[in-house]
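So the sequence lines, in the order shown, correspond to chains A and B. In terms of the numbering used here, the first sequence opens at residue 1 and continues consecutively. In terms of the numbering used here, the second sequence opens at residue 1001 and continues consecutively.
Just so you know, the hints here were simulated from the structure itself, not pulled from any lab data. Mixed in with the good hints, there may be bad ones.
Stated by the list, open to error - Now the stretches of chain B that chain A is said to cover, found in silico as 3 or more residues with beta-carbon under 8 Å:
1. 1118-1129
2. 1137-1150
3. 1179-1190
4. 1299-1309
To be verified - Between beta-carbon pairs, the in silico distance windows are:
5. Ala180/A <-> Leu1190/B: 52 to 58 Å
6. Trp1017/B <-> His176/A: 57 to 63 Å
7. Pro175/A <-> Ala1021/B: 42 to 48 Å
8. Glu179/A <-> Leu1309/B: 26 to 32 Å
9. Leu167/A <-> Leu1309/B: 50 to 56 Å
Every residue, glycine too, gets a C-beta built ideally from N, C-alpha and C.
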Amino acid sequence: MELFTLSLLNGISYGLLLFMLSAGLTLIFSMMGVLNFAHTSFYMLGAYLGYSVSGWLGFLPALVLAPLGVGLLGAAFQRTVLRRVQRQGHVAELLVTFGLSFVVLELVQLVWGRSAVDYRVPQLLDGPMATVAGIAFPAYRAFMMLVSLAMLAVLAWLMTRTRTGLLIRAALTQPHMVEALGHDLPAIHMGVFGAGCALAGLAGVIGGNTYVTEPGMALSVGALVFVVVVVGGVGSLAGAFVASLLIGVLQTLAVGLDMSLLSMGQALGLSPDPAASASRWWSLQLSQFAPVLPYLLMVLTLVLRPRGLLGPREG
Amino acid sequence: MSRPAAGLPGEPPERFWLRLAWPLYGVAWLLAPWLFGDGLGLSLLSQIGIASIVCLSYNILLGQGGMLSFGHALFSGFGAFLAMHTLQRVAGGWPVPVSLIPLVGGLSALLLALLLGWVSTRRSATPFAMITLGLGELAWSAALMFPAFSGGEAGLTGDRTAGGAIGGWTLGPALQLYWLIAVYTLVCTLLMYGFTRTPLGRLLNAARDNAERVAFTGHDPHMVRYLAFAIAAFFAGISGGLAALHFEVVTADVLAGQRSGTYLLFTVLGGTGFFAGPIIGAIVMVLSLALFSALTPAWLLYLGLGFMLTVIYLPGGLASLATARFRQQLATQLRRAPAACLALVGAWLLMLAGLSALVELAYQWHLRSAMGDALRFAGLSLNAASPASWSGAAMVALAGAALARWLARRIATAATLQEAT
């Protein structure tokens, strides 16, 4: 049971990290219609910048400076490149971000090398926060959850309680009216794109040392974030939140609770005959399924509820 | 009286060349082995055939249907695996001619697409991109879970001569395989061209441009996309089957998302708006994967940057360089200010040379522990450790950029002046 609770907590912290990524992606997508394929490249940049800055100045400055830097880079990309292809439609915008993901990957490898860097959890937060029945829950995980939740709270406050948030929400639904009222819509777009990238960068800074900071990290998380967005419903922030937690918990539990399909079948009251239990299928471990679980969930969602968990109604 | 130099009276030369394109394409495949007949040349030609089938099939989705897929390798890869399994069975005594095995790949990919297509083609643009990405990742991770199907990390191997000789053809020698691939390439290209002229192909274009109107004419755009998805998968599967015969090994990499990304990248580079664009893309793909990658360690960076520049400045891809509109524009500019235009190209080249010298220096610096500091670049000896090399390259790049900017302004001014008079 303790193991289950710990796995659950780990899953939630992973899910919150996924939400930081999918939130920026969803925000950018619903405002500009741009599916930012390079979103997780900004996550990777955040992790690497966090690693470098925390080496020079310490972890806390990195927590502020790295997302800021990533956000500025994102805004600059939107301003110089994305704006040029806006006329050509959303496919061209997606393609250009696809190209960017190649370039960022190469540049990261050029600057930081092709293997993983030694990006460690800061000393202060290293070690267990609480020990439950002999199994430790790392303090850094708790910190991660704290940062994610604080970010969520700030984002919610910003979007619902401030004038900036009002403007952004207005620009989401009534872009022409916002422009007619004299607001600079391209500047709003640039700001939102930069903010979304900064969120990804923040996720990179706090996620890079928990998981691993290597050139492959953008690609491996990238597919997962897209799955989150599809399962949650394209364009829905609340849906992205639910789907992130769902996928985070699901995947962590599958790894954490290591059991074979056979024992699971037995627990569920199925008793496969001995001949079947020797077969390939029954001897598969649940943890072996962990990498495909999110994608299976996506296919299931598409079949049963094509618009996603909380997606807008079609048509 | 100015009549076109070639073609029927009154027929613009453009159409004349278009009518000749097919015979010329066939003759090119016929003559190519004599021109590039050595081992490497034949292998590259075969790979170009395989790649052009898969890129053309990809363009059914992207160019003709407006469906941006990130999971096309799922179908070419699945076809390759099923073809390889069949080849292994043939070695065990199945009476299937090896030359028909690519069709097995195509049909199995078709079945898979019929199974998966309905849920993924519900919407076209962005959701389709994300869904196909997810499906591709699903297949790739699942393949590694079932080593009996995928052969695990090592993959599956086979022997294409397993079927024995049919009419003296064992497909063992590279040249015999080349002829098989050439025939498949020509037939598939013709079929895919024919598809663009069918009512379904036209409906697919219509569903790309305005799905709502298609629905109003009584056709279901979802059904149109679904059928196109299946057809594209069929040809991708054939290409996968040919690749299985060519390489005689299939690993899980053929299903990877990177593979799908490669198809996407080179199809766009070639040009999605033209039927022949993906063929150009396939040629560039094979040549750059085989030759360009050996030339410089920075080739992926150049590829990514080149791709972005293509999307921004040349949305029609390389194929649009051959269109009449582009040539007319070029001719007009050249007539207006010939010297400035040539100088502009020179300035661009100067800028590119400077920039790529910088990139090469950066890579040399990155690899200095293994390769040393010295670098040969365009006949010059540079040194990644010397500030002179760096500042020299930077100055060349900056001078080229400044010159290009100035010349572009001059040309623009000349154009305005001429239009005013």
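Hints, one by one, checked against the model:
no. : hint                               : verdict
1   : 1118-1129                          : holds (count 8)
2   : 1137-1150                          : holds (count 7)
3   : 1179-1190                          : violated (count 0)
4   : 1299-1309                          : holds (count 7)
5   : Ala180/A <-> Leu1190/B: 52 to 58 Å : 53 Å, holds
6   : Trp1017/B <-> His176/A: 57 to 63 Å : 46 Å, violated
7   : Pro175/A <-> Ala1021/B: 42 to 48 Å : 45 Å, holds
8   : Glu179/A <-> Leu1309/B: 26 to 32 Å : 30 Å, holds
9   : Leu167/A <-> Leu1309/B: 50 to 56 Å : 34 Å, violated
When the structure is compared with the earlier hints, violations turn up for hints 3, 6 and 9 and for no others.
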